[in-house]
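Could you put the whole structure together from the sequences, leaning on the hints where they help?
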Amino acid sequence: MLTERDRAGLFSWVFTRDKADPVEFNRVVRRRKGHRGVKSMARYVTMAERGVVSVAELRVACLFDQYGITGWEANAKVTLPDQPWRRVDFLFAKEKLVVEADSWEFHSSRQSFDDDRWRDAQLQAAGYRVIRLTWHQVVNQPHATAELVRSVLTQ
Numbered sequence: 004m005l006t007e008r009d010r011a012g013l014f015s016w017v018f019t020r021d022k023a024d025p026v027e028f029n030r031v032v033r034r035r036k037g038h039r040g041v042k043s044m045a046r047y048v049t050m051a052e053r054g055v056v057s058v059a060e061l062r063v064a065c066l067f068d069q070y071g072i073t074g075w076e077a078n079a080k081v082t083l084p085d086q087p088w089r090r091v092d093f094l095f096a097k098e099k100l101v102v103e104a105d106s107w108e109f110h111s112s113r114q115s116f117d118d119d120r121w122r123d124a125q126l127q128a129a130g131y132r133v134i135r136l137t138w139h140q141v142v143n144q145p146h147a148t149a150e151l152v153r154s155v156l157t158q
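Heads up: the sequence shown begins at 4 in our numbering, then just goes up one per residue.
There's no promise every hint is true.
[To be verified] Okay, derived cross-link-like pairs now, DSS-like style, lysine-lysine, Cα gap no bigger than 25 Å in a straight line:
hint : residue 1 : residue 2
1    : K80       : K97
2    : K97       : K42
3    : K22       : K42
4    : K36       : K22
Don't read these hints as lab results, they were simulated from the structure.
So this is what it looks like as structure tokens:
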């Protein structure tokens, strides 16, 4: 049986690599209702419906909803030089703003830290602004976090 962390990683991997789409995922989960392990997938049904692939991203999407921040796409593909595309957590395409949801659980290694900084640099070189929001900011400072995003969107 997969651990919760393994389920979360698998869910993220499947969706960020276009191996499944949210409609198909939700159909399969509904069809298997009552089977072993399906109840633990309820969180992932909600995430799939929102287009997010992590609990941190779900919290950011809910924050955007709560504060009326619109115009975003979750897990959007962005074309960068020397790459076919790259996924970002949230894209405000018109404003060329990327919002990344960071949680300590998945961003605590040296490698993930370096990878994130490299991706930020690539996005900035392609003309995007990048904001990284931590779990702590989204959960404990929601108003200030929403106001920060709003202020960058209006610049």
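Is it true that the CA of K22 sits at most 25 Å from the CA of K42? 22 Å, holds
Straight-line alpha-carbon gap K97 to K42, limit 25 Å: Cα-Cα ~38 Å, so violated.
Taking 25 Å as the top limit, are the C-alpha atoms of K80 and K97 close enough? Within the cut-off at roughly 14 Å; holds.
Is the straight-line distance between the alpha-carbon of K36 and that of K22 25 Å or less? 22 Å, holds
Hint 2 from the earlier list is the only one contradicted by this structure; the remaining hints agree with it.
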